[in-house]
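K.L.:
So you can see what is in the structure, the chains are spelled out below.
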Amino acid sequence: MDYLSRMESDSIYVIREAFNRYSRLAMLWSMGKDSTALLWMVRRAFFGRVPFPVIHIDTSYKFPEIYAFRDRLAKEFDLDLRVARNEDALAGGMGPTKIDKFACCNALKTNALKQAIAKMGFEALLLGIRRDEHGVRAKERYFSPRSQDFTWNVGSQPPELWDLYASVDEAAHDRIHPLLHMTELDIWRYVRREGVPVNPLYLAKEGKRYRSIGCAPCCMPIASNATTVDEIIAELEASHEPERAGRAQDKEAAFTMQKLRSLGYM
Amino acid sequence: MGVSNRADEKPVLRIAMVGHVDHGKSTLIGRIRHELSALPGTSAVDPSIAGNWAYVVDQLQEEREREMTIDTTQTFLETPACRLVFIDVPGHQELIHNMITGATRADAAVLVLAADEGVRVQTRRHALLLSMLGIHTVIVAVNKMDLAERSEPAFRVLEEAILAELRAVGISSSATIPVVARDGDNVVTRSPTMPWFTGPSVMEALGEVEPASAVFDAVRLPVQDVYRHDVPTVVGRLLSGTIAEGDALTIFPSGGAATVTAIRRFPENHAAAEAGESVGLVLEGALPERGNVLAPASDPPRTAREFAGRVFWLASEPLAVGEELSLRCGTQSVAARIEEVSEKLDTATLDPLPPAQSLAIMELGTVRISAATPVVMEPFVRLPGLGRFVLERAGRPSGFGILP
Ligand SMILES: Nc1nc2c(ncn2[C@@H]2O[C@H](COP(=O)(O)OP(=O)(O)O)[C@@H](O)[C@H]2O)c(=O)[nH]1
Ligand SMILES: [Mg+2]
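For the protein sequence lines, the chains are A and D, in the order given. The opening position of the first sequence corresponds to residue 128 in this note's numbering, with each subsequent residue numbered one higher. The opening position of the second sequence corresponds to residue 29 in this note's numbering, with each subsequent residue numbered one higher.
Heads up, a few of these hints could be off.
[Claimed, not checked] In silico lysine to aspartate or glutamate, EDC-like type, Cα no more than 16 Å apart, as pairs:
id : chain 1 : residue 1 : chain 2 : residue 2
1  : A       : K246      : A       : D276
2  : D       : K38       : A       : D129
3  : A       : K332      : A       : E358
4  : A       : K335      : A       : E362
5  : D       : K38       : D       : E90
6  : A       : K386      : D       : E180
[What the hints assert, rightly or not] Partner residues aside, some chain D positions facing chain A, computed with beta carbon under 10 Å:
id : residue
7  : V40
8  : H125
9  : I128
10 : W224
11 : A240
12 : S241
13 : F244
14 : R410
I should point out that these hints are in silico values taken from the structure, not numbers from a laboratory. Yeah, the Cβ is synthetic: ideal placement off N, Cα and C, and Gly gets one too.
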């Protein structure tokens with residue numbers, strides 16, 4: 128079996144374990160390449176269906192292309208799409224320009240997710256994070272228990288032996304990470320092979336494209352002439368820049384990513 | 029895109045860096061990442077770490093403050109020949125569960141030994157665990173040779189000592205290499221600073237490692253679930269063998285018979301499935317449930333209520349004879365009782381321990397287990413996926429074992 132098929136197969140194994148374990152499961156979808164690839168694998172795992180809700184944490188600062196992409200695929204894939212927004216924070220004027228980015232991410236992403244989980248009663252969430260995105264994400268488990276206040280106790284994670292994932296835990300909710308073993312290049316090669324829909328923000332326009340997408344004010348495009356997935360792959364094979372170099376929240380201070388994640392950031 | 033298509037076919041080798049705390053495991057990975065950051069698709073090492081190579085993997089605040097690895101990490105490299113996954117693990121005995129979490133994902137290992145300290149407790153314990161986990165491809169890096177004047181006699185003494193330790197646990201190292209991880213000597217390229225050494229660098233030795241090929245080819249499909257949304261579909265990952273439409277399979281342990289009428293895949297079905305694939309089968313005949321194993325009647329798996337395995341204990345509260353807990357193997361989850369503990373080993377010294385009614389943290393022993401219902405297993409050397417098990421106490425993995 129070629130390596131992409133093996134990676135997909137291992138991811139599907141994790142997705143199916145999660146589906147077997149939790150009756151109130153959902154997945155987070157940011158419309159980026161990773162969570163869209165995850166959505167693709169979910170459809171493969173369940174033979175074309177997505178048998179649980181798909182949550183979009185909407186900060187309201189996303190690119191217009193993201194909303195268009197979301198609505199198109201939600202229809203095409205027949206998704207049970209739930210949009211989660213921290214309306215109180217938005218009404219209070221929260222935004223990346225008002226105060227620091229750390230507080231903004233925490234309010235509009237982490238707290239929006241907290242509210243959504245509480246309201247909809249989910250016990251577990253599938254997320255498309257990968258180890259090679261960030262040195263702190265590299266420390267994740269496939270099944271990661273989170274406490275009531277959402278914290279990730281990275282210093283004392285439970286053991287995870289082979290793929291015999293712990294059968295119960297006292298966690299308030301669990302995060303499941305089926306794509307942990309894939310790199311950015313793996314994802315793009317998978318997207319190319321499978322024809323996974325690609326958000327147009329990733330493709331170069333006028334010499335610029337986004338390598339990592341999130342909120343418009345906090346993502347910087349990179350200089351690029353890659354207008355096709357083939358060209359993106361060729362560009363990444365030649366690049367030595369870290370993937371999240373264009374993400375503002377990773378840069379603010381040392382250990383920001385760890386702090387965000389330990390507070391429950393995705 | 030010829031190159032990328034060939035990249036799809038490259039073998040994957042997952043390498044755990046093991047050994048005693050502070051012997052240089054994280055530094056070695058960081059140094060490899062630094063020296064090979066010109067490889068395609070590899071991001072440059074953050075220059076602000078200023079030669080502190082362990083920071084490439086030690087990225088938690090606590091790890092940097094305490095100057096030690098706390099949890100296991102993976103970092104990825106793609107060379108022209110293969111795809112490498114480096115798995116860093118902590119070398120501190122309090123963190124042995126994190127070490128095992130990392131090591132259970134590895135195909136091969138580099139055992140790091142610091143020249144100034146020589147063989148220490150975790151050197152020996154990690155070697156034993158590698159052997160137990162079936163990781164028999166091991167390269168030894170004798171690190172910090174700068175603290176032994178990069179001298180050949182010092183290296184030979186350490187080489188002899190570590191090879192004896194490995195022999196004692198049934199491992200023969202494929203290379204023993206004098207290294208200065210901090211400076212990159214014999215890490216990627218051979219170093220002129222130790223001209224007496226004529227062997228390979230660490231990366232050259234890893235390049236020689238052949239990915240293990242499966243020898244066992246009878247069908248074993250642990251059932252993960254049965255989906256009944258439309259046509260009932262049995263799902264699971266095929267551990268070994270190949271399945272084709274029309275194959276007759278038996279459900280273990282119940283013994284029901286079924287024929288494969290379709291191998292489902294979205295958007296188009298497949299005519300056959302190979303080992304490693306997450307499959308969906310439509311069956312005619314009996315329908316299995318989660319935990320069952322599909323296999324041919326002509327080559328059945330081992331099915332038993334009672335068995336003995338070698339168990340390594342991870343929880344601070346010892347495992348006691350008479351204790352009831354949960355046994356996990358493949359997709360099976362069965363209530364089990366500990367009947368007997370024997371042949372106990374002190375994993376710090378490899379000395380036998382006196383007989384006892386319990387197995388304490390980091391002790392290894394033969395444990396006789398009786399399960400509430402029959403368990404389908406295979407000897408570990410035959411099929412690792414059905415030859416290893418986890419013992420869970422109140423849902424928490426508390427020990428693991430291997431079926432001889
Ligand atoms: N002198 C010397 N020190 C080294 C060498 N490699 C690593 N170290 C130091 O040994 C200490 C422990 O290294 P680390 O990689 O964290 O060890 P680990 O616990 O095995 O991961 C650090 O202070 C390193 O800088 C080496 O080749 N020579
Ligand atoms: Mg370390």
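K.L.:
Please go over all the hints and tell whether each is borne out by the structure.
P.N.:
Do the hints match the structure? See the list:
Restraint check: the Cα-Cα separation between K246/A and D276/A comes to about 15 Å, which is no more than 16 Å; the hinted pair holds. A distance of roughly 8 Å separates the Cα atoms of K38/D and D129/A; the hinted pair therefore holds under the 16 Å criterion. Restraint check: the Cα-Cα separation between K332/A and E358/A comes to about 13 Å, which is no more than 16 Å; the hinted pair holds. For the hint pairing K335/A with E362/A, the CA-to-CA distance comes to about 13 Å; that is within 16 Å, so the pair holds.
Between K38/D and E90/D, the direct Cα distance comes to roughly 36 Å. Violation of the 16 Å bound is thereby established for this hinted pair. Simply put, K386/A and E180/D have alpha-carbon atoms about 47 Å apart, too far for the 16 Å limit, and the pair is violated. The criterion of a C-beta within 10 Å of any C-beta in chain A is met by V40/D, whose closest approach is roughly 6 Å, and the hint holds. Below 10 Å, beta-carbon pairs count as interface contacts, and H125/D has one with chain A at about 4 Å; its hint therefore holds.
With 10 Å as the threshold, the beta carbon of I128/D comes within range of chain A, its nearest partner Cβ sitting at about 6 Å, so the hint holds. Annotation: W224/D was flagged as interfacial toward chain A, and the flag is violated, the nearest CB pair being 36 Å apart, outside 10 Å. A least Cβ separation of about 14 Å between A240/D and chain A goes past the 10 Å threshold, and the interface hint is therefore violated. Using the Cβ-Cβ criterion of 10 Å, the hint placing S241/D at the interface with chain A is not satisfied: the shortest such distance is roughly 12 Å.
Of the supplied interface hints, the one on F244/D is violated, with its beta-carbon coming no nearer than about 16 Å to a beta-carbon of chain A, more than 10 Å. Against a cut-off of 10 Å between C-beta atoms, the interface hint on R410/D is violated, since the closest Cβ of chain A lies about 16 Å away.
Comparing the model with each numbered hint stated earlier shows that hints 5, 6, 10, 11, 12, 13 and 14 do not hold.
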